[in-house]
Amino acid sequence: MNPLIHSNISLAWLLELAVALPFAAGLTLLFAPQSFAKRWADFLGLASTLFALAAAVILGLNFHPSANGYAFLSTTNLGLEGIGARLQLGLNALSLPMFFITALIGCAAGFYTYGRSTEDDHRKGLFWSFLLMILAGALGAFASVDLFYAFLFHEIALLPTFFALMLFGGVNRKQTMIEMGIFVIAGSLLTLAGIINFAALAGAGTFSLIELREHFSRGGLPASAQFFSWNLVFWGCAILSGLWPFYGWVTRLLTQLPTAAAMLIGGSLKFFGLYFLLQAFAGPCLQGLGGLRNATALLCVANIFLLGFSALAQTDFKKLVAYAAVMHMGALFLALNAYTVESFGGMAILIVGGGLATALLLMLGGCLKRRLGSAEMVHVGGLRQSAPRLAAFLMLGVMAVVALPCFVNFWGEFLIILGTFRSTPLATPAILAGLVITAVFGLRALHAMLMGNPKPEAIADLTAVEKFSAWLLILPVILLAIFPNIISGPLNTLLHSIISFNL
Amino acid sequence: MNNIFLILLVLLPLLSAVLGFLLGARIPSAPKWLSVASSIGVFAIALFLGNATTAAISFNIPWLEMGKVKIDAGILYTPLASMMALVVAIVRLAVNVLSLRYMREDAAQPRYWAGISLFSCAMLGLTLANNIVTLFAFWEMVGFGSYLLIGHYGTAKAGLAANKAFIVNRVGDVLFLLGIAFVLCLCGSGDLAAIAGNFGKLGAFGALAAALIFCGVVAKSAQLPLHLWLPDAMEGPTPVSALIHAATMVAAGVYLLCRLDFLFTPILPLIAWVGVITALFSALCAFGQNDIKRVLAYSTISQLGFMVAGFGLGSPSAAFFHLTTHAFFKALLFLAAGAIIDACHHEQDSTKMGGLWKKLPFTFVIFLIGSLALAGFPMTAGFFSKDTILAAAQNHNIVIFALLIFTSLLTALYMGRLIGLVFFGKPRGEGAAHAREGNWAYHAPLMFLAIGALAGGSAAFYPKFASGILAALPHAAENHLLLFWGIFVTLCAAGMAFIYSRSGNAGENEPLKKLGVFYKDLQAGFYFDRIWNSTGEFFVSSVSRGLAFFDDVIFRGFLIQGFGHGMSLAGAVAKISFRKLLTYTLYWIVAGAVILMLFTSRR
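Quick mapping for you: the protein sequence lines, in order, are chains P and R. Each residue of the first sequence is one higher than the last, beginning at 13 in this note's numbering. Each residue of the second sequence is one higher than the last, beginning at -5 in this note's numbering.
So here's chain R without its partners, still in its complex pose (with noise of 0.2 angstroms):
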């Protein structure tokens, strides 16, 4: 029976999906309510599971045998799976109700919802499936659906920054895919369970295919230097930023070192300094941003880098418990992102806002809370599971520990500057001025959320089947050191929304152009971009055009065309028209072969 209710889970948003796309055309509102149909189905279906399940469920269909290989296609249901499924769920439910607003105008609705269906499947597909081919597959799956929702509004940009996104990820994917053949080829399965057990068999290649699948995180998980897809991502409509590129796609990376732990042993040290770079990097980088989503998107990478060094740690269970609390409060903070911006009238830039906190006090509530838990204000939850990946490191590495201190510190002044800027002082813009508060379908997923980012550190918020992950953990409030230091990074904050609240602060002013340099620099987010594009320039405009011109002009034009001109001025001197003469030994070919097969036979 529960076998049947986890193919579920991923066969109905699979149904809302393709339904979706195939009656879009004729019955436009079919989509919608098919995708929010199936999130209810799938969150009563993940939570249901979650509490009935007592032990771990594994079951497997044939699926593709060629030579060697034997790929069986299955569902392998652990209290992981069962906790990132129900994360999933979650955030979507949230997700689909405040796009019934939040999407309301949108002209191309149906693709819109189909998209998300599509995505979800996806992303659940690859959150239970237990071999890691058909996990790659929805891998790949995940990326075509973030494909299709970041490009959804249809502007040149928006389509530039989907590309982006797709070609980042498969430069990950194809490394991925090489780590896949090392594991297949020597553990002789793709099964996690069975590469568990052979893992031993890659012997000194082990720490290489960890590598190469790490890889694969990296582009999904935007750490270093392979990020720079998610910042630009945000062209996306916010819902879908929320979902996707905050609370479960770029998660998926994480989820996948945590699933596959053992295979990464080799490689951890490597690990943890991608991620710490990566949480430092981007933090700073949140500080030059003005755009309220590229904050929050700097911001997810800042935190997804945490994870991962927390993973790197050795400690995986602390990495997946700060996935699932900065799900809720990151996805929490993007819708409430988005219900600014909806009361802005599509305004995004926080230089142009000021003030809401009288106009939209329900979402500065909101937007509140999950900024502490951002910042790990004690008893949120993003206090207990950030404290749990420093506690973590304050036991391994101290260097590791300070950069991760420092970073926390970052987290807590960027979010106090973006506060300053939304919500205090006057407005400084036109959409600001006359911003008013949604109605019920952003209040309810919101407040649902911010209940998840203030008690999703207690390990009696999750069902039982789940909370067994968490239990085990140190409880990060017995540290009284992290304990002062989430006050005291809140204070620091408190007085950085102070700095901000005054309007001469905001654009033009900035305190922080005083860096100089160094904040152009925040602002540009290092020249990857500009690596990126010249790379992509050069082989595009150089590489390319230079073999086209070599293929038109040298290889055509003078070989080809000369070997054919040389034929025809050789006809013209034997008095035969070259074309007839090629149209004739066509057909000769053809009837010669046989004449002469004829004439052989009479031998």
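Just chain P, same shape as in the assembly (with noise of 0.2 angstroms):
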């Protein structure tokens, strides 16, 4: 037997305590006593997520795709076998980035909640419950084989956030829960349903994608069908990444998160919608893609300018940062719309790298607003000469969004042109015209930040645990601007093979 398979089966425990560590923790600090909780969260919570983080890492080096794409899969009946759904955990070429970045965010934004932990906050333990189990949901979300537990992490992982916004929101808080129950919930009633639609029409008795993808395999979905469930999940999955109109919920969640939960949502689970589409349905239901292709082109062009323009208002830096990344939903729909294996690709390499940079820059965010009270443009000033480390970091995080060359991010959009314009060519002038509104609002924010005099309250620069932190959100996407193979080359195999669905 092949040692390197041998040793892809032996990792899958792993891969399971990689998603269960994080939750076991995040529930012992919910149920556990205040006095506790208080004294170990800080330990438990930074412990977890760093072995996520290890995991993760360690998965990757290990990663022997076998030959159904998958590696490390293990399969648990949890009692919903009945109706054909397994806790099946496993990672392909398109979700090994995903739970990867996950962990990356997680792990920073432990460090940073770390970082501001404070011996007297009797929360504590309440807030690092929550950040762990968002955490826990994520991962499984993306580590997930089996549709029906991908979207029930997806949702464990809505819930803390909803806790998270209500007890440590910001001060328009009521309102963003409000608007969030609304969308969360049509949106995932609208997947929920896709998914058994999804499901039920195959008849295979299984929510595995594996065994959904051998079947199909046999025989595909009448075209109708597929109409049907692509775009009973397309919308709720528009709807939950907040493409526009769908996206009020977002910027408005993101900027009154608290930053370490902001940051996981805004860089790893609001892309969920999109690697599930392009995951589990690109593939099977490709002739549903086609029936409204054009209209949705259109939403991805106006989520583009719209947006776009929107994000050139703001004057608070963390509702730019949230603008900015629900704009790029845009490109990264018409990626999805263009259905060619070099804009999925580029769709993937560009939610690595936007992910990433995002969550960075909610951080960056976070920390102006630890230190002024508040992230408003206007209040910073001349950040080069009186915190020289922020000042950097921040500009690192925009010229990576803004998808400077040195950053994944390039890569990223550079596939996404090519792919469109090889399939739908009148949407790429769009996604250009986004690169240079992304660098308008990007450098201006910049100007006003870093330029100038310093004004004469003091800026506190980063401090060492958050400098950490920074440089494991961006060291990443810098190294993979160097060597895009290491993401690419299992990503064009696996891409070709749900291309070669439909063809």
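To be clear, the hints were calculated from the coordinates, so they are not data collected in a lab. All C-beta atoms in this analysis are idealised placements derived from N, C-alpha and C, irrespective of residue type, glycine included. Hints should not be assumed to be uniformly reliable.
As the list claims (entries may be wrong) - Computed far set for chain P versus chain R, every beta-carbon distance over 10 angstroms:
no.: 1; residue: A32
no.: 2; residue: T308
no.: 3; residue: G357
Claimed, not checked - Derived list of chain R stretches under chain P, where covered just means 3 residues or more per stretch with a C-beta under 8 angstroms from a C-beta of chain P:
no.: 4; stretch: 33 to 44
no.: 5; stretch: 148 to 159
no.: 6; stretch: 162 to 173
no.: 7; stretch: 182 to 192
no.: 8; stretch: 270 to 278
What the hints assert, rightly or not - Sample of chain P residues at the chain R side, in silico, Cβ under 10 angstroms:
no.: 9; residue: F75
no.: 10; residue: P77
no.: 11; residue: S78
no.: 12; residue: G260
no.: 13; residue: V313
no.: 14; residue: F317
no.: 15; residue: A323
no.: 16; residue: Q397
no.: 17; residue: A404
no.: 18; residue: A415
no.: 19; residue: W423
no.: 20; residue: E425
no.: 21; residue: L430
no.: 22; residue: R456
no.: 23; residue: N497
The two chains are supplied separately, each in an independent frame; assemble them into the complex guided by the hints.
Pasting the structure below:
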């Protein structure tokens, strides 16, 4: 037997543990007595996030997918097998990068939380508990091969998000909660209906993506069924990912949530919808995509322009980042719409780069807010002199979002541009215009915060812990730009198999 | 072995940049010496390779593969690339040495030096890249290096100039990218050699693709109408202006034209006219400027126009030859201007200078050499290169020839005006009155470049591998008309210098003010800035604020909140708190699904 394959199977426990441990730690902190939580929260929290990151790195280094594209497969029955849902975890070339950035952002958010943690904060345990459960939910959602469980994990991540907003959110949290509630419920219900419909149409009695793929390789769905399934899930995921006009709740959620939670949502969980569509539905439901292709393309173009210009009007840095993050959904959905290997690959790569950069910028926005009480850009100025490290990371983060070539975002945008050009050339100019608009608001923000004379009230530079978190987030973005093959090589193989589903 | 040297050419500055950024905070002098050391290393390697190479070198490393896109990073070392690498190496070395003194009082030196290294890495990468995609990546990095260095002083004005440079270049770059998409999709590969072979596959799209790629050139080489970032870029430190905004980055566009010359065949007339109009337009604008650096900036745009026009006239080697000599004499002029500005205690306004030839005799001679080369005085480097372009025009299109001849007269005249203002008459400002000559750190690099400005017209000046390009050019000295023209314009320039040497003619009493409104237009660069600013203002204030209002008030306020309030009202009637309802719904969407599934599974 091939020792590599053997090691894959033997590492399946690590994947299970990487999801289970943060979840268990989160539950412990939630139900443990306050004295225990207060004393152990920092340790338990940081240790679990570090463990998840270490696991993601080890899994990434040992990633040798088997014939079905997955590695580290394990199946556990948790009582839902009657309807065909089993907790099946595994990683393929698409979910591994998502899993990795989630663990990475989780770890950075953990350090950020650790850095601001104080002795007498009696709600510390509660906050860590929410953070860890969001992390566990997101990790599970990306690691789940079973569609039903992937959805369930996503909801599990959203619940603590909701509570974190309720208990730790900003001044406008009530309104945001209402909006989030409406949109999340609508999006989730549509997605769930789509999943059930999809699995029922397949009639294979399973939600496992591997088994579904095998099933469909023997005979696909009829066109009308594809159309119905695709549109249910697509609109659900569009709402969950915040495509225009369903974006409002995401921008406000990202600004109202406490920073650490916002990093996880904005950097990773927000992309779940897109990931889910590409991973599970793009193959078997291609003809469903065709039906409303022009309409969705129009939404994406509106997304780029309207949100891009809205971003230009923002005076608060955190809001600006939130708008920029949602604006990029336009290019990402256009990539999905283009349906080429290049655009899919570009989308996955841009999610990695964009997610990490968004998380970094949200964190830096949080650092500003912690120091100044607000992230209003007029209150910041001359940071290059007064806080050079903060300024340097702000520049790195913004330049990554702007897709400068030394950041992996460039390869993502580049592949998306090529992919869309090949199949939907009319969409390409919109993406290019988006690149210009991003540069305009990004550089204007940098100008407002970094240049000019420092404001009289001193702004402390990043602490060692904050600097470490920032490095964690930006270093992979740079390294992957220099060695894009690490991610694009395995992706290329997988995406070919997804595309060839319908050829 | 040579392959390793070629990789080192890009890697050395990269290392010095990365180490510089990382170590700068702890060891403030580290980036400086790293940059100087790497510039010496790069110069030595470029010189060695230029002499040791006999045939083009090309090699590839697989980089990125996705679908039909396959990109290999690699190096293509041709005579053209060898010459460009040498130009970059020479100017960077000179700039580095001069900066040792010029930046001595700067508080943010580590950032400056690391930025210079980063820029050099990108510039050399652009020079050597063998794939249009990697070339583009370095092309954008060059723009980023320029952005960092323009904004170096960190004032609000410098920051705006840096933003403008980046954004104008971004506009050109996205069009360039679209052109690349055409090329990649139709030719099937981004490899420069492969594009040359499959160029025919572009068919009817060939002209469109070429025009799009040319848009990138227009932005980077500051051609009309995307030239407007370059005069503002003078906010950066003067040595940076010499390196980036005179000798190398702005020349990258022309270099790209020459490297991909086959691609642009369908649109040569367009290119020629863009170049000619730019050359004439900015030569005129140079008369309206009093800031010594802005005069040189407009002059640079004008000379770049010459190069682009030369290319458009079907003579890439003439364009590239002018690029090379221009790099020497314009870097020389900028660095000499830096020495003057430093000597005058950071005074840049030429109307506040005057009489400097007595106080700065060495700098005066150097500046004169640079100006003569720029004006095309016979037997200087600029004479040979400019006249190959003029000769190409003469054979090709008589209207273009006339315009370029007129522009070369203007060139001499505005330089005469500048020399008159700066060096002759009486000192008109405090700085000029107490000016003092600098030390070796100024003299050595200036002399180094002055040799290039004088002797750069001869093919014998260049390493063997590269000199072939120049040997093939028509020798201008054989053309007596142009020879006499070169002398004539220089005499006119001397007259101009004489007029402006009379101190009464500076500033308030500017003789050109008699031109009235036209002079004001010259000063303002003919409304391009105003159009750019008002467009920006329109989008930033009107469009974006309008959309933000729509987003906040109409969309969120009425639709979403309205829905929410409606539900609350319904909830209040039904005595249920809406918030709790939402919380419960979220619970139940999870739990309910599970229960439902358990229930159905018992079927």
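Each hint, compared with the structure:
1. A32: holds (18 angstroms)
2. T308: The assertion about P:T308 holds, with a minimum of 20 angstroms to chain R.
3. G357: violated (4 angstroms)
4. 33 to 44: Since three or more residues must qualify, the claim that chain P covers the stretch 33 to 44 of chain R is violated, with 0 doing so at under 8 angstroms.
5. 148 to 159: Since 8 is at least three, the answer is holds.
6. 162 to 173: With 6 residues in contact (Cβ-Cβ under 8 angstroms with chain P), the coverage given for the stretch 162 to 173 of chain R holds.
7. 182 to 192: Result for this restraint: violated, n = 0.
8. 270 to 278: It is violated: at least three residues are needed, and the stretch 270 to 278 of chain R offers just 0 whose Cβ sits closer than 8 angstroms to chain P.
9. F75: Violated, about 18 angstroms.
10. P77: violated (17 angstroms)
11. S78: violated (22 angstroms)
12. G260: holds (5 angstroms)
13. V313: violated (14 angstroms)
14. F317: holds (9 angstroms)
15. A323: holds (8 angstroms)
16. Q397: holds (7 angstroms)
17. A404: holds (8 angstroms)
18. A415: Status holds, d = 9 angstroms.
19. W423: It holds, given that the least Cβ distance between P:W423 and chain R is near 6 angstroms, below 10 angstroms.
20. E425: holds (9 angstroms)
21. L430: Result: holds, 6 angstroms to nearest chain R Cβ.
22. R456: Hint holds; P:R456 Cβ to chain R Cβ min 7 angstroms, cut 10 angstroms.
23. N497: holds (6 angstroms)
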